[in-house]
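Engineer: So the chains spell out like this:
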Amino acid sequence: MIPLVIIVVLAEVAVRREWVASYLVPAPSKIIATLVSSRDGPELFYATGQTALAALTGFAASAVIGLAVAIALSSARWVQRAFYPYAVFFQTVPIIAIAPLLVIWIGYGMPTVIASALIVSVFPVIANTLSGLLATEPALVDLFRLYGASRSAAMLKLRLPFALPSIFTGLRVAGGLAVIGAIAGEFITGGGLGGVIDISKTQQRTDKIFAGLILAALLGIALFAIVNLASWLMLRNWHASERT
Amino acid sequence: MKLLLSLVVLCSFSAACDKKDAPAPVKKLTLQLNWKPEPQFGGFYAARESGAFAQNGLDVEVVAGGVGTPTVQMVAAGKAEFGIVSADELLISRGNGADVVALFAVYQTCPQALMTHASRGFKEIGDLFRNPGTVAMQKGLPYASYLDKKLGFERVRVVPSPGGDLGVFRKEKEYAMQCFVTSEPIAAKKLGLDAQTFLIAEAGYNPYTTVLVTRGDYLRANPDTVKSVVNGVRDGWTSYLNNPIATNQMMQKLNPTMDMQTFADSAAAQKDLIQTEETKKYGLGTMRAERWETLGKQLVDLKVVEKAPPASECFADLLKK
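First to last, the sequence lines map onto chains A and B. Numbering (numbering that gives the first Met the number 0) for the first sequence: 0 to 243. Numbering (numbering that gives the first Met the number 0) for the second sequence: 0 to 320.
These are calculated hints, taken from the structure and not from any lab test. Just to be clear, a hint being listed does not mean it is correct.
List time: in silico DSSO-like cross-link candidates among lysine-lysine, alpha-carbon distance up to 30 Å [as the list claims (entries may be wrong)]:
no.: 1; chain 1: A; residue 1: K200; chain 2: B; residue 2: K302
no.: 2; chain 1: B; residue 1: K27; chain 2: B; residue 2: K78
no.: 3; chain 1: A; residue 1: K200; chain 2: B; residue 2: K27
no.: 4; chain 1: A; residue 1: K200; chain 2: B; residue 2: K296
no.: 5; chain 1: A; residue 1: K156; chain 2: B; residue 2: K189
no.: 6; chain 1: B; residue 1: K302; chain 2: B; residue 2: K279
If you want the footprint, here are the derived chain B segments under chain A, 3+ residues with CB under 8 Å [as the list claims (entries may be wrong)]:
no.: 7; stretch: 129–140
no.: 8; stretch: 158–172
Backbone N, C-alpha and C fix where the C-beta goes; we use that ideal spot for every residue, glycine too.
Required output: the full structure, derived from the provided sequences and hints.
Structural biologist: Here's what the structure looks like:
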């Protein structure tokens, strides 16, 4: 908390003393005034709702698809060798470059924004889940085999639970990325925080841009908190990472 | 001294005389453009190439711009003596305390337009907003707010402008996008698309565009220099409108992504925006106080500026009558 207070106070003083021009960095007090003003506040919060919906949907899709892909990849060494590189593609794709194509493929509106959020956030889920699934204690794998457990039983009762901490690591990263992906999509299709930030940029409203950025950050933090809560609920009874 | 003078005179008549020995003290100035070398700046390059600047002892460097080149700020901050802005930009900046003054308005009719498919059979700009469809434009720009207020966006979906990307335009029929009549429609034609354009000016919003500006205190301190530049610019535009080929070739070297045919088409498309009834009467680049006042009122109406500066502060009429 203390570093935040120092930065905010410094920014405020710097702008008031005109060390930096207010159109470059707005005073924190101005940003807060914008957030609560009757002119911009409702627009900003409505936009946050739209972005939240798209980011959450994209994030949920990432979680489901990421898990499924990672389970498929972990099934055999050759599958992994053949298909993992394609998963890496998702990590390297510059979303800003392909977002305009998404609009042509999918059209304007929420589905494009969700797809954009999905594309940027799916890789960390795949990578972390996969490394978790592959790191199962070999002795336990042997034990399951000894008792004649089926592959699906081994997956459900051993590999997946064992991989949970890694999966949650992937989801934590994916949460923040989903917000970024949604906003990048909104730059192209309009609507949401991305749309508001884009328009504010045209109008040289730096205060409103920063207000939008703060709301985006809060959204990222909220997603992070949701993942942490889920992680705590599922791991608190048995895993060291959540037993404090 | 006499010897030197006669030498100078001799020199200026002699073709063999090297440029280095040229007598006149050359004043080095910078003109900052807000986009890449294209026909919309043809007259400025022509003024340089044809020697219209040099005749007046001026050495004006024409500097190309790009996406979001802050020409107003650069001129206001003294980073360039001259810059290219649009009239609404100038009014907004003056409202923010930047002392920039307009000198020469290239486009008497703003080239900003909306482009859609001719197959939709629309007759006027209002049809775009009366029929369901998508309109891509940069919301937040004054012209978009003006259209919103005048025609209403209730029946259409307004999405961000794709820049000059024609991808969606090609694919979707019920789609219109913002454009400059000197640019995107020509690109669309090259792709074999039957595009139809409606000028925003038709709806009543028509700021002078591609306007030469300078800083107020620079103008007051160097009235003669500014006057020479303005008249050089007018000579440049006159020559460019008569014959753009040489200047186009020169600009094409600086902007090789655009081919010569596009340069020629664009130069032809802009002619009617530059030469109007008013310029026939008062000369190229002329500006009228009424139009600055109208624009000021429109911007106040749209709450883009709080108070419009008086027209007399916005522009200086230095053109030779």
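Engineer: Evaluate each hint against the coordinates.
Structural biologist: Evaluated hints:
A C-alpha spacing of about 17 Å is found between K200 (chain A) and K302 (chain B), which places the hinted pair at or below 30 Å, so the restraint holds. At roughly 13 Å between alpha-carbon atoms, K27 (chain B) and K78 (chain B) fall within 30 Å of each other, so this suggested pair holds. Restraint check: the Cα-Cα separation between K200 (chain A) and K27 (chain B) comes to about 34 Å, which exceeds 30 Å; the hinted pair is violated. Distance restraint check for K200 (chain A) and K296 (chain B): the Cα-Cα separation of roughly 24 Å lies within the 30 Å cut-off, and the hinted pair is therefore satisfied.
The straight-line distance between the Cα atoms of K156 (chain A) and K189 (chain B) is roughly 62 Å, outside the 30 Å bound, and the hint therefore fails. This hinted pair does not check out: K302 (chain B) and K279 (chain B) have alpha carbons roughly 34 Å apart, beyond 30 Å. As drawn, the stretch 129–140 of chain B meets chain A at 5 residues by the rule of a beta-carbon pair under 8 Å; at three or more, the given contact holds. Counting residues of the stretch 158–172 of chain B whose beta-carbon sits less than 8 Å from any beta-carbon of chain A gives 7, enough to reach three: the coverage restraint holds.
When each numbered hint is compared with the structure, violations occur for hints 3, 5 and 6.
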